[in-house]
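**Student:** Full structure from sequences and hints, please.
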Amino acid sequence: MLSIKDVSVRYGRSVDALRNVSFDVPEGEVVSVLGGNGAGKTTLLRAISATLKLHRGALTSGQISFDGKRIDKLDPARIVEQQVIQVPEGRQVFARMSVDENLRAGGLTADPKRRSVARDRIYELFPRLEERSKQPAGLLSGGEQQMLAIGRAMMCEPKLLLMDEPSLGLAPQLIARIGQIVQQINSEFGTAILLIEQNASMALRVSHRAVVLEVGELALEGNAAELAESDEVQALYLGGHGGGTTDTSDDPLAPKINRHRKLGLWAG
1 MLSIKDVSVR YGRSVDALRN VSFDVPEGEV VSVLGGNGAG KTTLLRAISA
51 TLKLHRGALT SGQISFDGKR IDKLDPARIV EQQVIQVPEG RQVFARMSVD
101 ENLRAGGLTA DPKRRSVARD RIYELFPRLE ERSKQPAGLL SGGEQQMLAI
151 GRAMMCEPKL LLMDEPSLGL APQLIARIGQ IVQQINSEFG TAILLIEQNA
201 SMALRVSHRA VVLEVGELAL EGNAAELAES DEVQALYLGG HGGGTTDTSD
251 DPLAPKINRH RKLGLWAG
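Residue numbers (our numbering): 1 to 268.
It should be emphasised that the hints constitute simulated quantities derived from the structure, not laboratory data.
Here the structure is a predicted model, which means the values were calculated and not measured.
A portion of the hints provided could be inaccurate.
[Claimed, not checked] Estimated spans, in silico, between C-beta atoms of each pair: (1) 101 to 51: 20 to 26 Å; (2) 55 to 94: 18 to 24 Å; (3) 131 to 51: 42 to 48 Å; (4) 95 to 54: 17 to 23 Å; (5) 187 to 83: 17 to 23 Å; (6) 113 to 172: 24 to 30 Å.
[Said to hold, decoys possible] With a straight-line Cα cutoff of 27 Å, these simulated DSSO-like cross-link-like pairs (lysine-lysine) come out: (7) 159 to 5; (8) 53 to 73; (9) 53 to 5; (10) 134 to 53; (11) 5 to 69; (12) 69 to 159; (13) 5 to 73; (14) 53 to 69; (15) 159 to 113.
Cβ atoms here follow ideal geometry from the backbone N, Cα and C, with glycine treated the same way.
**Tutor:** Shown next, in the form of structure tokens:
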């Protein structure tokens, strides 16, 4: 479905934010992108959604394809027409508009009948939003606003949903709920999801596959369950082993991880 091939991105004249990144998001799967601040996660989303120019960035090499067609030359509006929709970091709901008005704004380009059906399905997914449908979005809790931001994106009936740090700033119980929502959207709507997350535990739990970015390069990729079981990934991202040096001699992922450590891509 989505193919990222040898993508490099630069800001200004000298800041290389991504270098030769390649991976795929297959149809119907959830793929998470992990990494710390400055790893290149948000830059990756900007490249896919064609918003790099807004941040003085540019794709310097590589290509991005969706459903077999290149999209890296399209503008943001054309990306949306391909049903590639982003849930932005920070929720960005229309605070003075009601919950229902926010949802309808998300489906402005859709056929009225399809828009009505989509809204009904979103209220089924988020009963709390239906209870507060007439309430200004600015009065919702942080978790409710995140649900609204996701619901607004789903009004476009996306084939691919780009989610930028949906758990950011939420309490642990709400983070767990966001994870459940990701799984529900994927299973009930059949939507493929590219999930950008710093919360590796939640992301690996709800994903089919995962990639790790470090300093703009692809450090690791693989089956999410296998990555979650890796001693090294647990130590670096999941808080396992209580610190110190991790013995990875029996870890099947160790050769890849150690190779990237030599390149300076892994902490520790």
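**Student:** Please go over all the hints and tell whether each is borne out by the structure.
**Tutor:** Against the structure, the hints come out as follows:
Here the CB-CB span from residue 101 to residue 51 is close to 24 Å, well matched to the stated 20 to 26 Å. Under the hint 18 to 24 Å, the C-beta atoms of residue 55 and residue 94, about 22 Å apart, fit the expected range. Hint check: residue 131 to residue 51, Cβ distance near 34 Å, so the stated range 42 to 48 Å is violated. A hinted range of 17 to 23 Å holds for the C-beta pair residue 95 and residue 54, which are about 22 Å apart.
With their beta carbons about 18 Å apart, residue 187 and residue 83 fall inside the hinted range of 17 to 23 Å. For the pair residue 113 and residue 172, the beta carbons lie near 40 Å from each other, so the given range of 24 to 30 Å is not met. Taken as a hint, the residue 159 and residue 5 pair is honoured in the structure, with Cα atoms around 20 Å apart against an allowance of 27 Å. Taken as a hint, the residue 53 and residue 73 pair is honoured in the structure, with Cα atoms around 12 Å apart against an allowance of 27 Å.
About 20 Å separates the Cα atoms of residue 53 and residue 5, which keeps this hinted pair within 27 Å; it holds. A C-alpha spacing of about 36 Å is found between residue 134 and residue 53, which places the hinted pair above 27 Å, so the restraint is violated. Of the pairs offered as hints, the one joining residue 5 and residue 69 holds, with about 13 Å between alpha carbons and a cut-off of 27 Å not exceeded. Note on residue 69 and residue 159: the hinted pairing holds, with a Cα-Cα distance of about 14 Å set against a maximum of 27 Å.
As the CA atoms of residue 5 and residue 73 are separated by approximately 14 Å, the hinted pair is consistent with the 27 Å bound. Between residue 53 and residue 69, the direct Cα distance comes to roughly 21 Å. Compliance with the 27 Å bound is thereby established for this hinted pair. Pair hint residue 159 plus residue 113 holds up; C-alpha atoms about 19 Å apart against a cutoff of 27 Å.
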